[in-house]
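*Asks:* Those protein sequence lines, which keep their order, are chains P and D. Going by this note's numbering, the first residue of the first sequence is number 1, and it counts up by one from there. Going by this note's numbering, the first residue of the second sequence is number 1001, and it counts up by one from there.
Just to be clear, a hint being listed does not mean it is correct.
[As the list claims (entries may be wrong)] Below, in silico cross-link-like pairs of lysine-lysine (DSS-like), each with a Cα-Cα straight-line distance of 30 Å or less:
1) D:Lys1147 <-> P:Lys145
2) D:Lys1334 <-> P:Lys224
3) P:Lys411 <-> P:Lys145
4) D:Lys1109 <-> D:Lys1144
5) D:Lys1299 <-> P:Lys406
6) P:Lys130 <-> D:Lys1288
7) D:Lys1338 <-> D:Lys1436
8) D:Lys1144 <-> D:Lys1182
9) D:Lys1045 <-> P:Lys301
10) D:Lys1788 <-> P:Lys282
11) P:Lys257 <-> D:Lys1298
12) P:Lys95 <-> D:Lys1051
13) D:Lys1436 <-> P:Lys145
14) D:Lys1388 <-> P:Lys309
15) D:Lys1288 <-> P:Lys257
16) P:Lys401 <-> P:Lys313
17) D:Lys1133 <-> D:Lys1035
18) P:Lys346 <-> P:Lys320
19) P:Lys357 <-> D:Lys1750
20) P:Lys320 <-> D:Lys1338
21) D:Lys1343 <-> P:Lys344
22) D:Lys1144 <-> P:Lys130
23) P:Lys301 <-> D:Lys1788
24) P:Lys219 <-> P:Lys421
25) P:Lys257 <-> D:Lys1222
26) D:Lys1298 <-> P:Lys282
Hint data in this document are derived by calculation from the structure and do not stem from the laboratory.
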Amino acid sequence: MIGGLFIYNHKGEVLISRVYRDDIGRNAVDAFRVNVIHARQQVRSPVTNIARTSFFHVKRSNIWLAAVTKQNVNAAMVFEFLYKMCDVMAAYFGKISEENIKNNFVLIYELLDEILDFGYPQNSETGALKTFITQQGIKGQHQTKEEQSQITSQVTGQIGWRREGIKYRRNELFLDVLESVNLLMSPQGQVLSAHVSGRVVMKSYLSGMPECKFGMNDKIVIDKQGKGGANDEAGKSGKQSIAIDDCTFHQCVRLSKFDSERSISFIPPDGEYELMRYRTTKDIILPFRVIPLVREVGRTKLEVKVVIKSNFKPSLLAQKIEVRIPTPLNTSGVQVICMKGKAKYKASENAIVWKIKRMAGMKESQISAEIELLPTNDKKKWARPPISMNFEVPFAPSGLKVRYLKVFESKLNYSDHDVIKWVRYIGRSGIYETRC
Amino acid sequence: MEWASQLCENRGLGSKMTDSKYFTTTKKGEIFELKAELNSDKKEKKKEAVKKVIASMTVGKDVSALFPDVVNCMQTDNLELKKLVYLYLMNYAKSQPDMAIMAVNTFVKDCEDPNPLIRALAVRTMGCIRVDKITEYLCEPLRKCLKDEDPYVRKTAAVCVAKLHDINAQLVEDQGFLDTLKDLISDSNPMVVANAVAALSEIAESHPNSNLLDLNPQTINKLLTALNECTEWGQIFILDCLANYTPRDDRESQSICERVTPRLSHANSAVVLSAVKVLMKFMEMLPKDLDYYGTLLKKLAPPLVTLLSAEPELQYVALRNINLIVQKRPEILKHEMKVFFVKYNDPIYVKLEKLDIMIRLASQANIAQVLAELKEYATEVDVDFVRKAVRAIGRCAIKVEQSAERCVSTLLDLIQTKVNYVVQEAIVVIKDIFRKYPNKYESVIATLCENLDSLDEPEARAAMIWIVGEYAERIDNADELLESFLEGFHDESTQVQLQLLTAIVKLFLKKPTETQELVQQVLSLATQDSDNPDLRDRGYIYWRLLSTDPVAAKEVVLAEKPLISEETDLIEPTLLEELICHIGTLASVYHKPPSAFVEGSRGVQHKRLPARAGSGESTESPDVGQSVSGVSDAPPAVIPSQGDLLGDLLNLDLTPPTTNVPPVPSSMQMGAMDLLGGGLDSLLGGDLGGSPAMGVGLGAAPVSMPVGLGAAPPVGGNLDDLFDLGGGVGMTSGSYVPAKVVWLPAMKAKGLEISGTFARRSGVIQMELSLTNKAMSVMTDFAIQFNKNSFGLAPAGPLQVLTPLSPNQTVEVSLPLGTSGPIMKMDPLNNLQVAVKNNIDVFYFSCQYPVTLLFVEDGKMDRQVFLATWKDIPSDNEAQFQIKDCHLSSDAASSKLQGSNIFTVAKRTVEAQDMLYQSIKLTNGIWVLAELRIQTGNPNYTLSVRCRAPEVSQYVSQCFELILKN
């Protein structure tokens, strides 16, 4: 299990050091600093073995978090824990920065004591932790016996992510379908790989312990229903259903029920959380097509022309469009002409950045650039990194649709109809690259 | 503390008061100030002071002097303050055990507190105070807490048992805590169950055979129920524990799999990987014709692919595991090639791992795409990545025959870029392509030769030399090319030297007329001017082959080569099997068994996959063995990449010899080392059939053993013949080697056992050692030193133990010795005092070497000189010895002695009595003359020895006796 946990600033100074196991000495703190933080070369692995001690690290801005062990621990668990640790800290005091960590070091020690016992991760749901780790100190004394046992049963219980007795005047929930669409395309326009990784993020403000059921146009579910009812409606919607390659759920979702019936039922945490993640690879709507044309004119000049085409309903608007065209390291000057938006050569980033605020569907725009090069002796040809693109569109490129989200709360007197529900779709670019 | 002082200034400027201010106390005398504050009456002030103390502790300052003052603050109602004090206690209790006792009362009291949070806090902290005296007081409160009404306290107490066990295992057993812990597996609260499982699993690891985690269908059922209800971490503990269970039959196996599969949709990657581990393991037991088996295989792919959209660190862990899974069950991911395409912005560690998997998944169906990708990668920036991509193109050519041509032309394009490392890497892989498809792509040799000058890496140079030697008949100026390498022969690495030697011999066998001079030159360079035993041995073998039977030489050196394997770097099947049982853990990330990196007894147990039980096969049937040991659909032959002695000798060009192994910690290497050890033993012992290690070696390269050696079954015997042959020609190598004896028993050396012997091989004195680790922990950093001794023996190189020595492992090392060390006369004369060091300690022992070691090869004296010297040495110096019970003829005795550099100068027969006059020269230049009288029919020989240093005589006579009688 995890033997110790250290947090360092960018210089390698220790901000937090908590040792859980006797086999981890103080010198481990220095070993990591010397061998990883101050190492000369780039980090070649997130797991480092120094003198029979293994170090796992992640970085958040310029803060290093390192978990140390001398045993054959579950490596995936250690990283999951480190991410979780970051989430918990962020939930308590915002951004993970040196200043915030120093300002909250007592809190961090208290959290570390609670969520890691002898190196075993314990309940780390912020919802539960916030009920008793408050930095108010006094809270423990003024609680009634009932309150105390409520806390402990929540921390250890089956529904560790939600406390009882939540009350809202207005029962409301927000569903965001956030997708990032990833593409790698050859210069000839052939799709080398494409996938959508999506998340359903839910913000729930519901009273009591509501039982929820979430439905979407999952091909397997729709097909099953189609077979049973065989009516027109199923046939119609069957066309719009999507094939989900794989999905994972927040721990509130009853996985065995999903496995057997493919229904998504759960008691949601209060507030914002991620209900599910999914991945699709079939029938993806690629919102933009990038057509590059790079021509080398002699040894000192490049001509680049890039056309982008939007490929969605004309009534929809894409936003925050940015096209990044890499330039060689020996670029001496660039002239750009674009039909729409603004384009600039950024020498520090070795790229031409072309920004367009808005663009409707089924439109086309073009940029052309002349790149002057300094002559070099470098024998190696320029590697031509791919042209990448960023954008945001108001639909789900995977085609996912929310069909329903039903809320049942038997003890309190509100019904599914009384809940105000909001659904929003946002598609963003993930790694959206076209080779040139 | 730089930042601390900066903050100090900030405070001066009136920034808001926050906890960071506690980091600012850097003034002198702060300890006194803190002491005063800690003893203050005001609660707030106390709390502030404790915070300052903790801040100092964090940055590594010693604040242990404040121990009594801090402990005094413990009696408080303020939970926050209490936690801080506890934090301090955990850090310093060990250094102040007596004062730590002061805290006991508060702990005991807190364990009775009405607030469950405080009870749990007390029991949690008490377990972290590693002071023996305290543990006694801990037992009662712990017992109560294990049965507490509140689940939060119980789950904390469960972990506390593991803590206590770590401090005092006996106490935990005596107090019966283990039974209580077992009871908690049936607790109503899922988190208590999970923590109890975690604690028991860890305790069980240090008691391999305790049967502590008595897993039976009932407990398994309880665990599976808890699995649905507990936290993500608890699910991991339970799944990892489940993976240790072996179901009774395929039915139970299937029902567990069915209940574990829903976990594959969990958002936590570690839950998913642990579930994959359970499924991969239990799948072994399912009959393959079962529908469910196929369903399960299909269910495994999507979650594995999903892992690749996690954060990069997790992707890395996932990829290392997928690498194992793909080797074990290639069918799972065979259609998922695209997801392993490298993204431009992937961190380098993710890129390299993806590339590895791409090669493994490459097949005829997807080769076009793969090749296009690889070509793209070969133009990237990172040198390691580019090299690996180039190498991958070569692997594709070897794996998928249809693509070979395209791969070769891609490689040629890359060579045209003239980027140094790309060219070198390309040449290395083209060599393998030549091996795989002989007489197909040789047209490119000309292009390769153009780049000869730019090669500066040994591997590339060796590859190029191999190509020149192999195709010497087609390269007009092959002799010139090879000659150019010969100039700097001694500056080359061993790999290149060996390759050059072989290439020139090949060239000579192909074009004998023009290259005689060249071959003589290289043979003399290799045999006379080199210190490297491998090189010299190979040189001698060639020399002898060429001088005795050129036809045989041709058959051996130009023999048809065995096919090379399609896969590289495959993990050896038993290791792979073990690693599959460790999916998700560090072992699977390092691709090493836990025993290789975990100290002590933990993780020493080797895990194995269960055997398939179904379809009426008995467990002993050979089929089962096969399905366990490899991918049964298409078992890939694993050619050990290093250490195949035979292959190396005969230049089968597998890979460089072990001396050049790069320090990359690859598990393959470790497997290969074992092979080498075993293989060598059986080779020299001439015992082939019974040795399992050799069996593996042979099984791995079964195709066509070169005629010269492979035709007759006793390979070892043939090699012996070779050596004997050497004796006849006049180059000794087979001198008498006594059996190994134990020099240093394990008891005296903290578990390190050393046995050894001495040998003189081809003029090199070698100390042959077997190091055995009989301790529980791994040994590393071996070194050896000799005390001054009579003949100045000293190690000629470092003690080469390349990999750490794991418990119960033995490594064979042969240490070349020189004779130019410091000299001191010892008693007995041949006594040698040795010091061996490892990571644990330094150990001393002494041993005695046979003086034959010191008999040099040029010890044959001219007859006349012999006569003169014999007379010159005063007869007082003559010593006479009887050698009894010897039944050799005088000729047999003579040749036997000659094997150990005792040379017969003349022989005289007088009245049925043979008199052999013999000369010996020692390393320090002392001559020993002997007369050996052998009477026909009399088993007792008489030996007279004359030497200017008469003290040697006795030892020489012992040598005679030893040699003649063995």
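*Asks:* Next pair to validate is Lys1288 of chain D with Lys257 of chain P; report whether the Cα-Cα distance is within 30 Å.
*Replies:* The hint holds at about 27 Å.
*Asks:* Run the distance test for Lys411 of chain P versus Lys145 of chain P: straight-line Cα separation, threshold 30 Å.
*Replies:* 24 Å, holds
*Asks:* Can the restraint linking Lys357 of chain P and Lys1750 of chain D be considered satisfied, given a maximum Cα separation of 30 Å?
*Replies:* It is violated: about 73 Å lies between the C-alpha atoms, which goes past 30 Å.
*Asks:* Holds or violated: Lys1109 of chain D and Lys1144 of chain D, Cα atoms, limit 30 Å.
*Replies:* 12 Å, holds
*Asks:* Compare the distance between the alpha carbons of Lys1436 of chain D and Lys145 of chain P with 30 Å, and conclude whether the hinted pair is satisfied.
*Replies:* 77 Å, violated
*Asks:* Would you check the hint for Lys401 of chain P and Lys313 of chain P, treating anything up to 30 Å between C-alpha atoms as holding?
*Replies:* Distance of about 16 Å is within 30 Å: holds.
*Asks:* Quick one, are Lys320 of chain P and Lys1338 of chain D close enough, alpha carbons at most 30 Å?
*Replies:* Status holds; Cα separation ~29 Å.
*Asks:* Are Lys1338 of chain D and Lys1436 of chain D close enough, with their CA atoms no more than 30 Å apart?
*Replies:* 27 Å, holds
*Asks:* Would you check the hint for Lys1144 of chain D and Lys130 of chain P, treating anything up to 30 Å between C-alpha atoms as holding?
*Replies:* Given that 30 Å is the threshold and the Cα spacing comes to 28 Å, the pair holds.
*Asks:* CA of Lys1298 of chain D to CA of Lys282 of chain P, is that 30 Å or under?
*Replies:* It holds: about 18 Å lies between the C-alpha atoms, which stays within 30 Å.
*Asks:* Mind checking the alpha carbons of Lys1299 of chain D and Lys406 of chain P for me, to see if they're no more than 30 Å apart?
*Replies:* 29 Å, holds
*Asks:* Decide if the proposed pair is consistent with the structure: Lys301 of chain P and Lys1788 of chain D, CA atoms, cutoff 30 Å inclusive.
*Replies:* Cα-Cα ~73 Å, so violated.
Going down the numbered hints, you'll see the structure goes against 6, 9, 10, 13, 14, 19 and 23, while the others check out.
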